[in-house]
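Visitor: Sequence:
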Amino acid sequence: MKPVIILKIVSLLIFLMFLALLAVAIYYATSHKKSESETSLEHQMETDELAALLEKNSSSAVESNEVMEAAEHTVSGNETGADSKETEEPNAENENHMPLYLTDLYAEKGDTAVFKCYDSGAESYAWEYYDMAFNAWKKADMENVQNSKDELGREVSGFGIKADENMDGTVVRCTIHFKDPDKEDETQEASLFILPGRIKKISIEDKFTADANYCLSTRELPVKVIYADGTDEIITGLNHLYFVISEEKKDQSVSISGNRVETTTLIMTECDYLYTGMKEQEQLVRYHPDMAEIIETKAVIKGEDTIAPVIMEVTVSPYEVSNTDGPVTLTVKIKAEDNVTPYPNLEYAFLYSDQEPKEEDWGKKSSFETDIARNGIYTAYVRDSSGNTAQMEKEIITVDMKAPVIKSISLAEETNWCRSNTIQVSAHDASDILYCYENHSGGSSGWITYSEYTVDKNGIWIIRVKDAAGNVSEAEEIEISNIDKEAPVIHNISIK
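Throughout the sequence shown, residue numbering follows the numbering used here, covering 23 to 518 in sequence.
None of these hints come from the bench; they were simulated from the model. Be careful, since some hints might not be right.
Stated by the list, open to error - Subject to a maximum C-alpha distance of 27 Å in a straight line, what follows is the list of computed DSSO-like cross-link-like pairs (lysine-lysine):
| hint | residue 1 | residue 2 |
| --- | --- | --- |
| 1 | K246 | K222 |
| 2 | K161 | K184 |
| 3 | K160 | K205 |
| 4 | K271 | K320 |
| 5 | K171 | K161 |
| 6 | K380 | K355 |
| 7 | K223 | K246 |
| 8 | K355 | K386 |
| 9 | K229 | K320 |
| 10 | K324 | K223 |
| 11 | K416 | K386 |
| 12 | K301 | K229 |
| 13 | K386 | K357 |
| 14 | K272 | K320 |
| 15 | K223 | K320 |
| 16 | K161 | K201 |
| 17 | K479 | K429 |
| 18 | K320 | K222 |
| 19 | K184 | K131 |
| 20 | K301 | K324 |
Using the sequences and the accompanying hints, generate a full structural model.
Guide: Here it is as structure tokens:
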């Protein structure tokens with residue numbers, strides 16, 4: 023081929039390559055040359071479509087149990103010593119002092135039932151089970167006993183038993199040895215019951231009401247179980263029953279085209295406890311036995327405040343008891359707390375013991391003035407937001423026109439000779455009492471607080487008592503004649 027033709031062909035190829043590159047550059051510039059508002063609109067449309075798709079997929083996945091489960095299977099009961107995630111609730115930190123009592127368990131044949139026990143004062147736990155074949159208690163194998171931290175942060179002791187057919191009705195006991203050497207060991211017992219068949223369906227038909235601000239255990243839920251043969255029963259203490267807590271995690275990324283993409287992942291965690299709060303909530307409950315099909319139902323759980331406030335102290339301002347009748351204004355201070363109602367929202371009342379508080383008697387102040395018109399027992403009331411009330415009695419004596427009464431007078435030495443003797447007085451009054459001891463020769467103790475007074479003179483002694491209002495009792499007398507302070511006298515000495 024001639025050189026001229028070759029040169030023309032090469033030139034043509036170079037030109038065609040240039041045109042191709044130019045076309046690509048123009049296309050790229052055109053496809054990405056959008057206004058800022060158009061980009062925003064496209065991003066919003068893509069985000070909305072993605073959210074709708076995720077919502078649809080999530081809903082479908084929940085119904086079909088195809089939702090991605092959390093990598094950490096936080097069930098402190100799937101097996102002995104299984105890890106558990108701590109429940110992050112407002113009062114979870116305080117719940118770690120709540121004891122965990124041994125309770126009966128119901129399990130399908132072949133499952134592992136884990137009995138649990140906890141006391142904040144425990145030093146150690148000793149597990150046993152009753153071997154019906156030998157009619158004797160046997161120590162649990164150490165490989166089946168393990169202490170682990172549960173969702174509430176408690177170091178719980180667990181004992182796992184394989185639910186074989188011959189274990190039906192087996193009694194388990196846990197002995198708690200306390201750190202306090204003066205506290206006696208405590209033994210708790212529970213039983214393992216084997217279910218008569220495979221569970222095909224569960225339901226919680228009635229609304230379940232629990233204490234507000236409480237960590238409710240699935241072992242407290244009454245569950246209706248329906249077996250494969252169609253029979254059913256209601257069980258409290260179903261093994262492998264969990265609350266399913268849902269949590270969304272969102273991640274953002276950028277697509278190839280430069281648009282932001284938000285990915286939502288739904289994590290469903292199996293938990294032994296649910297924080298009730300005060301609101302009614304619909305909660306997913308799951309039965310998840312060993313190596314078997316998952317069964318789910320919905321439960322309606324309502325937290326209700328049924329616990330009354332606690333009154334720690336009731337004090338009144340200092341006052342003088344008077345023997346003049348009339349009302350006295352005192353300042354009353356009530357110290358109380360409640361497990362649900364905040365301190366500023368508590369209400370207080372203070373009335374005579376035979377009166378019931380009316381609505382106008384309640385006030386928000388824990389320290390207030392009140393008129394005391396009569397002596398006697400008064401009652402301090404505290405009410406929380408749910409209407410639960412607590413009360414504490416307080417005796418107040420402001421007016422005293424009744425003199426105290428001397429009940430008895432005695433001597434420490436009634437018959438024996440002595441160098442001094444002690445007068446002992448027993449008197450009664452509603453307020454503090456003062457005592458006065460006088461003799462006929464003019465000696466007097468004055469008003470003193472002692473109910474016993476030592477004297478060194480024989481004769482008639484007059485005793486009076488006085489109360490805080492100044493009322494003086496009638497005088498009582500006692501005669502002392504066995505005090506001898508004189509040495510014997512030798513009149514003569516003779517020698518025979």
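Visitor: Decide, hint by hint, whether the structure agrees.
Guide: Taking the hints in turn, this is what the structure says about them:
1. K246 with K222: Since the Cα atoms of K246 and K222 sit roughly 11 Å apart, the hinted pair holds (cutoff 27 Å).
2. K161 with K184: Given pair K161, K184 holds - Cα atoms ~15 Å apart, limit 27 Å.
3. K160 with K205: holds, 25 Å
4. K271 with K320: holds, 23 Å
5. K171 with K161: Satisfied, since the Cα-Cα distance of roughly 23 Å is no more than 27 Å.
6. K380 with K355: Judged against 27 Å, a Cα distance of about 20 Å means the pair holds.
7. K223 with K246: holds, 8 Å
8. K355 with K386: Between K355 and K386 the Cα gap is close to 12 Å, so the pair holds against 27 Å.
9. K229 with K320: Distance ~10 Å between K229 and K320 Cα, so the pair holds.
10. K324 with K223: Roughly 23 Å separates the two Cα atoms, so the pair holds.
11. K416 with K386: With Cα atoms ~20 Å apart, K416 and K386 stay inside 27 Å; holds.
12. K301 with K229: OK: K301 and K229 at ~13 Å, within 27 Å.
13. K386 with K357: The hint holds at about 13 Å.
14. K272 with K320: holds, 26 Å
15. K223 with K320: holds, 12 Å
16. K161 with K201: holds, 22 Å
17. K479 with K429: holds, 24 Å
18. K320 with K222: Judged against 27 Å, a Cα distance of about 15 Å means the pair holds.
19. K184 with K131: holds, 8 Å
20. K301 with K324: At roughly 6 Å apart (the allowed maximum being 27 Å), K324 and K301 satisfy the hint.
Checked against the numbered hints given earlier, the structure satisfies every one of them.
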